[in-house]
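Novice: Sequence:
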Amino acid sequence: MSMMPSMRRLLLAGAAAAVVVVSCAVICAEASVHEYAGERFAGVGNGFVLHGGSEGVYASATAESFVRFEKVAFRRTPEAASVAEEDGNRTVTVAAVIFEAGDRDALGGSDVVGGERVLCCTPGMARLGGCTEGAVVYRAAPAASGWPKLVAASFLPGCLVAAFPDETVAVARTGMYNLLFVHCDASLAAGQVVAVEGKTIWKNSRGYLPGRMAPLKPFYGVMSLAFAALAALWFVRYARFWREVSPLQNFATAAIALGMVEVTTWYLDLAEFDVSGVRPAGTTFWAATSGAVRGAACRVLVLLVAMGYGVTRPALGCANAKVAILGAAFLAAAEVLDVGENVGIVSDHSPARRLFFILPVAALNTVFIYWIFTSLSRTISKLKARRMTTKLEMYRKFANSLTIAVALSLGWITFEVHFKTTDEHNERWRVAWVIPAVWELISFFLLCAICLLWAPSQNSMRFAYSGEEGEDDTEHDDVEDTRPLIRAGPLSYADNWACYVTHDAKIILRTDSGVYAKAGEEYKRV
96 MSMMPSMRRL
106 LLAGAAAAVV
116 VVSCAVICAE
126 ASVHEYAGER
136 FAGVGNGFVL
146 HGGSEGVYAS
156 ATAESFVRFE
166 KVAFRRTPEA
176 ASVAEEDGNR
186 TVTVAAVIFE
196 AGDRDALGGS
206 DVVGGERVLC
216 CTPGMARLGG
226 CTEGAVVYRA
236 APAASGWPKL
246 VAASFLPGCL
256 VAAFPDETVA
266 VARTGMYNLL
276 FVHCDASLAA
286 GQVVAVEGKT
296 IWKNSRGYLP
306 GRMAPLKPFY
316 GVMSLAFAAL
326 AALWFVRYAR
336 FWREVSPLQN
346 FATAAIALGM
356 VEVTTWYLDL
366 AEFDVSGVRP
376 AGTTFWAATS
386 GAVRGAACRV
396 LVLLVAMGYG
406 VTRPALGCAN
416 AKVAILGAAF
426 LAAAEVLDVG
436 ENVGIVSDHS
446 PARRLFFILP
456 VAALNTVFIY
466 WIFTSLSRTI
476 SKLKARRMTT
486 KLEMYRKFAN
496 SLTIAVALSL
506 GWITFEVHFK
516 TTDEHNERWR
526 VAWVIPAVWE
536 LISFFLLCAI
546 CLLWAPSQNS
556 MRFAYSGEEG
566 EDDTEHDDVE
576 DTRPLIRAGP
586 LSYADNWACY
596 VTHDAKIILR
606 TDSGVYAKAG
616 EEYKRV
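By the working numbering, the letter at position 496 of the sequence shown is numbered 591, and the numbering carries on one by one without gaps.
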């Protein structure tokens, strides 16, 4: 579909603006608040560990970055206190260890007996004078003086609660930091010590967003502007040529509106998270939901375009239910994935259950891709058979854009799998934001391509379905729209010709000079 050159340039400029953010978003850095309520220790080696948080933290010489303990306390059972009294009213210590991911080997050591790695100092290690028996083993990291940091809280004889001091640990080096609560006392077996209250505040130099998520805030801000520009240009054309608008262009309008709502909601979600340090469950839920709806709507839109809806067929017929079921299934799977991955999640570590949520989305994406390409191939074949050169050229451009988008998607999936499987300790957290950002850009690129090809214009109806084009296949999706009565070929008195029959037995003769319908014994030009 033709478009004004200025419109084309502005749309391309909008897409370019969305890409520019890739080079500028890394300047921001944020972190968050971790609250504890009832988490239990788990046995690890000869110690007991509770994961307190994991975040990328940006350090700055001009602003403070820190991890702060606020009213963090642990409670032991009366039975555990009785065991300690029987052992001579000894003091039991719980340690909080903060370390950078690159210095993880500084925590723990090798036992002199057996050589296995342990968290707590064994009698053999104590005899060598390297540690105190029953204490957490750690050594100073070579790259950072004074790290790992250790904060301790003790259960005094007869006491059931051990409280950490409200202490602030300053962070002077950018990195992925982990907080582990560790104790080495067998009297406090797993399940007998519970974190009952308190929180830790992780702050970067500019706010409370986790380091991995920080660049996404300006990214979604720029994407909001890009979608706003696309929407403005599209709606201007839509209002100008509203009499010529086809149903397919209405679907494109909905896709643009949903995309604008999604990126704007994500920006508001991250902005609120940045200010408060607590992820807003309501805003996050609506951002995840709008993303799932937009993803489903865009896939259905591309499928409708590929099937020739409104161009070579007036309706979907029996395929309508199939498209609706596939779209609804993708919406449900994407909703579960996005909500489960974002609502209530603070730490930068990814849960193992994410794979379970990803598999249905990946399977449905595969179905969409297969159906889209088979439908597109069928539609192009129909246009070739009907010698509709203008529509054929438009669909070839769409096929090229779709092929580029799918190739980029497959390449990016491969990179994402490699990235996540080779970054076990999240040491490449500073570039992790690029993965969701590129998915947004690929989707935006494909939407821009559809808008360029199907923008409303005074010639919109030239590309819409016409009843004289031949038999529609709304009842049988796998049957061609038209069936040639005679093979098309050259005539001595005309350039080229082709003859078709429709469902209602109307005979259509198409030549280079025009289209004719048989009325009685004669052909009349239509």
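Simulated from the structure, these hints should not be mistaken for lab results. One should not assume that every hint holds.
In silico EDC-like links for lysine to aspartate or glutamate, alpha-carbon gap of 16 Å or less [to be verified]:
1) Lys294 <-> Asp261
2) Lys294 <-> Glu130
3) Lys166 <-> Glu292
4) Lys294 <-> Glu165
5) Lys166 <-> Asp200
6) Lys294 <-> Glu262
7) Lys244 <-> Asp200
Computed Cβ-Cβ distance ranges for the label pairs, DEER-style [stated by the list, open to error]:
8) Gly435 <-> Glu134: 15 to 23 Å
9) Phe514 <-> Ser472: 28 to 36 Å
10) Ala352 <-> Glu436: 38 to 46 Å
Built from N, CA and C at the ideal position, the CB exists for glycine as well.
Novice: Hint by hint, note whether the structure agrees.
Specialist: Structure-based check of each hint:
Simply put, lysine 294 and aspartate 261 have alpha-carbon atoms about 10 Å apart, close enough for the 16 Å limit, and the pair holds. Among the hinted pairs, lysine 294 with glutamate 130 is consistent with the structure: their alpha-carbon atoms are about 4 Å apart, no more than 16 Å. As the CA atoms of lysine 166 and glutamate 292 are separated by approximately 7 Å, the hinted pair is consistent with the 16 Å bound. Our distance criterion of 16 Å between C-alpha atoms is met by lysine 294 and glutamate 165, whose separation comes to about 5 Å.
Taking the CA atoms of lysine 166 and aspartate 200, the gap is near 29 Å; set against the 16 Å cutoff, the hint is violated. For the proposed pair lysine 294 and glutamate 262, the alpha carbon gap of about 12 Å is at most 16 Å, so the pair holds. Straight-line distance between C-alpha atoms of lysine 244 and aspartate 200 comes to about 14 Å, which keeps the hinted pair within the 16 Å bound. One distance hint, 15 to 23 Å for the beta-carbon pair glycine 435 and glutamate 134, holds here, with the actual separation near 19 Å.
Separation of phenylalanine 514 from serine 472 is about 33 Å and conforms to the stated range, judged on CB atoms against 28 to 36 Å. At roughly 24 Å, the beta-carbon separation of alanine 352 and glutamate 436 lies outside the given 38 to 46 Å, and the hint is violated.
The structure fails to meet hints 5 and 10 from the earlier list, while all remaining hints are met.
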